[in-house]
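Assemble the complex: chain S is given as a structure, and chains A and V must be docked to it using the hints.
Chains as they are written, first to last, in our numbering: chain S, 1 to 249; chain A, 1001 to 1289; chain V, 2001 to 2292.
I should point out that these hints are in silico values taken from the structure, not numbers from a laboratory.
It is possible that some hints are incorrect.
[Unchecked claim] Quick list of the computed label-pair ranges, beta carbon to beta carbon:
| # | chain 1 | residue 1 | chain 2 | residue 2 | range |
| --- | --- | --- | --- | --- | --- |
| 1 | A | Leu1055 | V | Val2144 | 54 to 60 Å |
| 2 | A | Ala1164 | V | Glu2216 | 37 to 43 Å |
| 3 | A | Gly1115 | V | Thr2131 | 38 to 44 Å |
| 4 | A | Gly1212 | V | Leu2008 | 33 to 39 Å |
| 5 | V | Leu2275 | S | Glu65 | 53 to 59 Å |
Glycine included, every Cβ here is placed at the ideal spot set by N, Cα and C.
Chain residues, written in single-letter form:
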Amino acid sequence: MSEALLSVRGLSKSFGGVAAVQNVDMDLIGGVVTALVGPNGAGKTTLFNLVTGNIAPDTGEVHLEGRPITSTKPHDVARLGVARSFQDLRLFGKMTVHENVMVATEPATWLWQPGGPEAKRERLARVDEALERTGLAGLARARAVDLSYAETKFLSMARVIATGARIWLLDEPSSGLDPNSRKRFVRLIRDAIAAGVTICLIEHNLDIVTELADRIAFLDQGKKLAEGEPQAILRDPTLIAIYFGERRE
Amino acid sequence: MLFIQLLASGIQTGALYALTAAGFALIFGATRIFHVAHGASFVLAGYAFVAASALGLHWAAAVLLATAVAVAFGMLVDLLVYRPIQRHEASFFTVFVASFGIVICVQALVQFQFGRGSVAVSTSLTRSAELLPGLYIAPVFWVAAGVSLALFTAVSLFLERTNAGLGLRALSENPELLRAYGLSSRRLSALAFGLGSALVVPGAILTAATTGIEPAASHRVMLISIAASVVGGIGSLRGAALAGLMLGVVENLVVLVLDTQWSEAASFVVLFVFIVFRPSGLFGKAVTS
Amino acid sequence: MIAYIVNLATLVAIFGIAAASMNLLIGYAGIFSLAHGAFFGIGAFAAAQLALNLTPDLLLAFLAAASLSIALSLCLALPALRVRGEYFIAASLGLQMFAVTVFHEAPSLTGGHGGLAGIPQATLLGIEVGTPWRFLAVAAVTLVLSLLLIQILMRGSFGRALMAMRDAESAAMAFGKNIPLLKTLAVAAGCGLVGIAGALYAFHISFVIGDSFTLEQSVLLQAMVIIGGAGTLAGPLVGTLLILLLPAALTFMPMIPPTEIGTVQQFLYGAAMTLLMIFRPGGIAGQSVGRR
Chain S
1 MSEALLSVRG LSKSFGGVAA VQNVDMDLIG GVVTALVGPN GAGKTTLFNL VTGNIAPDTG
61 EVHLEGRPIT STKPHDVARL GVARSFQDLR LFGKMTVHEN VMVATEPATW LWQPGGPEAK
121 RERLARVDEA LERTGLAGLA RARAVDLSYA ETKFLSMARV IATGARIWLL DEPSSGLDPN
181 SRKRFVRLIR DAIAAGVTIC LIEHNLDIVT ELADRIAFLD QGKKLAEGEP QAILRDPTLI
241 AIYFGERRE
Chain A
1001 MLFIQLLASG IQTGALYALT AAGFALIFGA TRIFHVAHGA SFVLAGYAFV AASALGLHWA
1061 AAVLLATAVA VAFGMLVDLL VYRPIQRHEA SFFTVFVASF GIVICVQALV QFQFGRGSVA
1121 VSTSLTRSAE LLPGLYIAPV FWVAAGVSLA LFTAVSLFLE RTNAGLGLRA LSENPELLRA
1181 YGLSSRRLSA LAFGLGSALV VPGAILTAAT TGIEPAASHR VMLISIAASV VGGIGSLRGA
1241 ALAGLMLGVV ENLVVLVLDT QWSEAASFVV LFVFIVFRPS GLFGKAVTS
Chain V
2001 MIAYIVNLAT LVAIFGIAAA SMNLLIGYAG IFSLAHGAFF GIGAFAAAQL ALNLTPDLLL
2061 AFLAAASLSI ALSLCLALPA LRVRGEYFIA ASLGLQMFAV TVFHEAPSLT GGHGGLAGIP
2121 QATLLGIEVG TPWRFLAVAA VTLVLSLLLI QILMRGSFGR ALMAMRDAES AAMAFGKNIP
2181 LLKTLAVAAG CGLVGIAGAL YAFHISFVIG DSFTLEQSVL LQAMVIIGGA GTLAGPLVGT
2241 LLILLLPAAL TFMPMIPPTE IGTVQQFLYG AAMTLLMIFR PGGIAGQSVG RR
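The following block holds chain S by itself, in its conformation from the complex (with noise of 0.2 Å):
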């Protein structure tokens, strides 16, 4: 198994003393798609919140490449090459669709960003590249708050895809996509890992797991259960019990 690209050893959190996330360790391996399974309430977000610094750990650590990113800033983490969405999407509303992917490409918390013109264009490269592969370049003037679902949902990995990011730790990217939408999805996801992007995903839909993932972790009340492959997890019907029991109630 080849080195590993993040690393989370014995990660734990908790809030007023229920246990979120518990020991937890994962490796994402360079290439390797790693799907976060579990019932909701699982600790699958707390987990990619440790992960990028937006909550600190009380125990445990987060390495990247062997450098270790336990408890770095939010907007550190991202500069190294971790880029995120999320499951309520946190758009920026009032700004265009063009300006939401603009701001992903934009490190630099300054008056103006390093590189010069030359940059720009790179940048503005970058961005007319996201629009097109998420099929938005016609909405590119378009606000935020004023496009529809499914186009929310691609503006938001518009954003990541615009980073240019090694790691894409993805928040339920597909839920609520008519299934026309999710075979764009699935072929976007194709695309970025034949580029050699490392990718782990919340993901609900069982099919679109299948579909995409090399791995599974299964988390259930903060602890990971199991992780192997697709196939194996999902024939343990002890976890299927566990995933589905959560979901009649």
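Chains A and V in isolation, oriented as in the chain S frame:
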């Protein structure tokens, strides 16, 4: 003795701050609306009392009239301003600006009708008696303290013992319920505005009876209410009341070490320090920044 | 009559700069400061002290006013980094009230309740620019340059970062924006620019007093931005024109007694704020709430 004298006037000021701030906190807790026009309710109630007294009404009738004005105003602002805004956009900023606009309008209207200067009602309540050597206490002190204590107890009992009160508390403890309840929260929100606005009345009347009330008083009331709510922990009724009392006392005691002109600034320094170092306030839950 | 119009135009230019700087905070960065009047005053007092004690040179006055405002803007940046929404408004309110007390009670710095009078006419590179027409030209040029600078900054990555922070702070962070730095920069830029407006104001009125920089002034600046349209280039200017020309227009209305003009104006802009928020929260120059 100066210390006790200042403490006494601090408690008198603070008791009224406490009630006013508790009203603001009640409204904020139940509706998440930052009702800065609360200060306008105060001014309207005060002027209603002054006008009624000038017409020769019995003081009890004037109090009733002032209460009616404050309650009606609070509920109307909720109905005519906040509801329509929340229907299309619930942004905090929009509600705040609209509320601020109301404050400005009310101030202008009162100025137009009664003039810029302060007006007062003369009463025998403010005649001080020497309680101890060097300690002067006017009857208004006992009125302020007694009324505040009685009303605060009444409101607390109401919130604890009645169904409507429980509903309000549920809303303030779990704002998510606001969304889940949907329609039924409207009646509760009207109740919060009515009750919260009524709590400005004692402060407004006693201010008119002691120092006098002026159109610009709304700013000061708004500031004190906000300061007390933040220091007490936003949404906490008890916290707001205690912090209001504390601000009143601090404001008066500051005179011991600084010139009187700095007394008002003292509350704002307290407010600022709390926001920067302990934004959750005395009794509030932690806020995420 | 001409003198009256020139004076009014100069005030429009000065308040245009102040409103544009307020817009930087409210409209672009989403930082809802109620202390902008205080920073307007800080700039005015800095310029007045410089002119009274050293030199009436306008560029030096701009430099002094902006530096002092930027340095003190850290008092506003601090709560902006710690808290949001209601809490920040409350903090800025506290700061504004405290500043007014200082304006009134620190006579050595601000002249206290009497203010600072007799500010000499401004010079620019050794040339007297104190005459009404010249000063109007200077103020107008400063306004144009300020708007140009804001336009360049807001069209660029800095503006996008600010707006991203305004719309979704956590997402802006996830795309590499250092939020504390961004907020500190935004507050410094907004306060620095309003400091410059304050310096112009001090020379124009030639008399500065704490009473000119109270909460009412902060609210007035906010009203200019909100009525005109927050987050747009033209908005603050439209708002400034409306609010400053309103009393002028009211003077020509026969049915309003002259003593009540201030009150009527106040009522009108209060009503405008509330009604706009109900019916058109984007302001006059802003986009209406889009639906598709």
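The hints, checked one at a time:
{"no.": "1", "hint": "A/Leu1055 <-> V/Val2144: 54 to 60 Å", "in the structure": "holds, 57 Å"}
{"no.": "2", "hint": "A/Ala1164 <-> V/Glu2216: 37 to 43 Å", "in the structure": "holds, 39 Å"}
{"no.": "3", "hint": "A/Gly1115 <-> V/Thr2131: 38 to 44 Å", "in the structure": "holds, 40 Å"}
{"no.": "4", "hint": "A/Gly1212 <-> V/Leu2008: 33 to 39 Å", "in the structure": "holds, 36 Å"}
{"no.": "5", "hint": "V/Leu2275 <-> S/Glu65: 53 to 59 Å", "in the structure": "holds, 57 Å"}
In summary, the structure agrees with every hint in the numbered list given earlier.
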